[in-house]
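Respectively, the protein sequence lines represent chains A and B. Take the first sequence: its letters are residues 1 to 372, numbered as in this note's numbering. Take the second sequence: its letters are residues 1 to 372, numbered as in this note's numbering.
Simulated from the structure, these hints should not be mistaken for lab results. Mixed in with the good hints there might be a few duds.
Since the list gives no way to pick one copy over another, a pair counts as held whenever it fits inside one copy or between any two copies.
Said to hold, decoys possible - Distance condition first, Cα-Cα at most 20 Å in a straight line; then the derived SDA-like pairs of lysine to any residue: (1) Lys26 / Ala133; (2) Lys216 / Phe64; (3) Lys26 / Thr282; (4) Lys216 / Glu308; (5) Lys143 / Ala82; (6) Lys143 / Ser35.
Number of protein chains: 2
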Amino acid sequence: MKSNPASATLSYDQAGVNYDQIDPLKIAAQRAAASTAGHLATHGCAEVAASRGESAYVVDVGPFYLASIVECLGSKALVADAMHELTGRSWYDGIAQDTIAMAINDLITVGATPLVVQAYWAAGGSEWFGDAARAAALVDGWKRACDACGVAWGGGETPALAGIVEGGRIDLAAACTGIVNPRERLSVGDALGPGDAIVLLASSGIHANGLSLARKLVERLPQGYLTPIAPGLSYGEALLAPTTLYSPVTEALYRAGIVPHYSANITGHGWRKLLRHARALTYRIHAVPDVPPVLRYIRQQARQDDREAYSTFNMGAGFALFVAEGDAERTVEVARAQGIAAWHAGRVEAGEKQLLIEPLGIRYGADDLQLR
Amino acid sequence: MKSNPASATLSYDQAGVNYDQIDPLKIAAQRAAASTAGHLATHGCAEVAASRGESAYVVDVGPFYLASIVECLGSKALVADAMHELTGRSWYDGIAQDTIAMAINDLITVGATPLVVQAYWAAGGSEWFGDAARAAALVDGWKRACDACGVAWGGGETPALAGIVEGGRIDLAAACTGIVNPRERLSVGDALGPGDAIVLLASSGIHANGLSLARKLVERLPQGYLTPIAPGLSYGEALLAPTTLYSPVTEALYRAGIVPHYSANITGHGWRKLLRHARALTYRIHAVPDVPPVLRYIRQQARQDDREAYSTFNMGAGFALFVAEGDAERTVEVARAQGIAAWHAGRVEAGEKQLLIEPLGIRYGADDLQLR
């Protein structure tokens with residue numbers, strides 16, 4: 001069966017995203033962006049330079065720090081659209097949560113408390129908003145995600161962009177602003193070091209990263225999105241499990257007196273995100289969480305080995321907290337009290353920059369993570 | 001020629017945006033958003049309720065106020081794409097400024113100093129970013145607009161969204177966060193009242209509002225975007241004049257000791273935006289600025305009367321400042337010192353909610369502005 005493309009390994013590059021074309025622009029943009037930092041001084045503020053390259057941008061405004069971000073959902077809405085045609089129900093309540101999670105879960109990595117979310121809902125035409133059930137699901141899901149994270153929904157944009165966004169589609173994004181208060185909560189990696197414990201927080205499934213590959217894969221499945229992957233669970237429904245919101249955990253940690261030394265949101269690049277910080281450190285994982293059924297299924301169908309799978313998907317761990325060794329067990333308890341499974345899964349050590357997932361015999365080195 | 005559709009009046013509704021389909025969603029979203037305000041108290045913050053319905057959302061964070069916003073460019077990039085095909089040059093440096101202006105010019109209406117801009121550049125595929133000249137123009141224009149406004153470019157998103165954004169197109173938006181500092185700069189209309197002077201700031205052309213109609217119109221022009229509208233100036237080039245950035249004026253006003261009682265960014269709905277504040281007041285305009293050639297041309301070609309034109313386009317005035325009568329002349333001088341023409345154009349009076357443009361004999365009442 002080697003010659004049958006339907007049974008060949010499917011990698012992320014084959015799924016249609018060519019980073020070689022995007023990277024030169026990103027590098028130019030990052031350079032230009034960095035050159036604007038000096039403007040803040042004219043307003044009595046200053047950039048936290050270490051936040052360049054982190055998941056959110058941080059500005060010192062005096063009494064506390066300001067953090068801000070804009071994040072795109074990506075292509076998960078296409079799965080919701082396909083499943084709507086197949087099942088008749090709207091899945092946009094979950095899609096709303098996914099979109100907010102993309103922004104919130106990044107913003108909190110720097111120690112910020114999210115305060116305000118702005119909605120960016122750009123439809124292919126005004127008729128998108130004319131489907132009342134879908135529109136109501138989007139609004140309800142957005143509000144419930146704001147409630148879960150304790151953020152105010154400030155407002156947003158709902159443009160109809162015929163000719164730019166495809167007809168019947170919607171481009172969803174969220175902007176989020178928060179504060180790091182008190183200033184000691186700032187987490188851009190200064191405190192990260194040997195001896196820290198690695199606590200992993202459970203994911204709910206694929207979250208909103210790796211969907212291009214997951215959508216590509218559906219072409220191979222005889223029943224498409226309705227293919228059962230577990231009793232009573234279709235592939236499409238499993239993909240659409242909303243992304244876990246982690247800010248209730250980071251806020252509860254602060255209330256419990258625990259300030260993480262560093263955090264990583266495990267999104268694109270999968271577990272390689274554990275190597276996110278620039279410092280040369282070794283991350284040794286001694287326990288891996290159970291893999292959610294949908295990710296187990298994708299790995300199997302895409303003929304990925306563990307190394308490829310863990311470098312693409314979250315594989316059951318959606319967020320990593322690096323905490324003082326003595327705080328590890330309590331961190332796990334605090335997360336579980338918020339309804340999110342957590343594991344004291346590893347340890348930071350002095351040594352070359354690498355991630356060792358010992359139970360699986362996987363090693364990723366510094367070269368394996370070129371962040372984009 | 002009455003039966004020739006090419007000579008018929010072209011209104012905004014005919015240009016393809018059907019607000020009746022969007023409005024129910026917007027109302028539901030606004031209601032849901034308002035219900036999330038209470039969360040701020042758990043973080044020691046509070047919503048400035050009067051900012052709901054204003055151009056930016058404001059939160060009281062204690063020492064000062066925080067303002068945030070996300071804004072979409074709209075369809076102006078389609079004009080740049082068409083002009084690129086016709087002229088071979090990229091117009092995305094100006095498009096970048098337009099996008100930032102959409103966010104900044106709204107954010108400053110509440111009295112905020114813009115601090116951080118985040119870029120949202122969602123392309124129809126990775127190949128969009130592969131056009132190096134266009135990508136460089138976008139980056140350069142974005143940086144120059146940040147420099148002009150004294151904001152830090154914090155970062156952003158550059159997703160490739162094949163299947164959502166059309167191939168070869170890009171969906172551009174900007175998120176902006178700022179602070180209102182000192183708190184006395186907050187401007188949500190409390191100070192607006194009879195006797196205030198109305199100062200209008202010049203626009204550079206169509207800015208980024210009314211482009212659906214302007215693009216529709218091009219179908220009637222024998223030479224399309226290359227139709228000359230003035231010696232050496234094509235319709236397309238005139239449309240692509242970058243939107244004026246007004247934050248240098250509002251910052252200079254503060255340095256000059258002038259705090260506007262209210263501000264209005266004149267975007268969609270044209271001069272009806274002068275009626276933006278909820279209060280019942282009469283706005284009497286005694287002088288109108290010269291109309292930029294491109295807007296004069298559109299009005300003529302679309303067979304619009306003044307009433308329709310001023311209710312759709314900025315007609316030469318892109319921003320309105322409502323200041324104490326005694327500050328009016330100095331406000332004009334401060335704007336001119338920033339290179340932006342300005343006029344002491346009218347006055348706020350007690351009376352029913354209406355805008356009277358006396359030189360043109362136009363009256364808009366409260367019913368003429370249903371803000372969306």
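Now for the hints, and whether the structure bears them out:
1. Lys26 / Ala133: between (38 Å within a copy, 14 Å between copies)
2. Lys216 / Phe64: neither (45 Å within a copy, 49 Å between copies)
3. Lys26 / Thr282: neither (28 Å within a copy, 49 Å between copies)
4. Lys216 / Glu308: Classified as within: same-chain Cα gap 16 Å, cross-chain 49 Å, threshold 20 Å.
5. Lys143 / Ala82: For Lys143 and Ala82, the Cα distance exceeds 20 Å both inside one copy (24 Å) and across copies (39 Å).
6. Lys143 / Ser35: between (37 Å within a copy, 8 Å between copies)
Figure legend: structure checked against the earlier numbered hints; hints not met, in rising order: 2, 3, 5.
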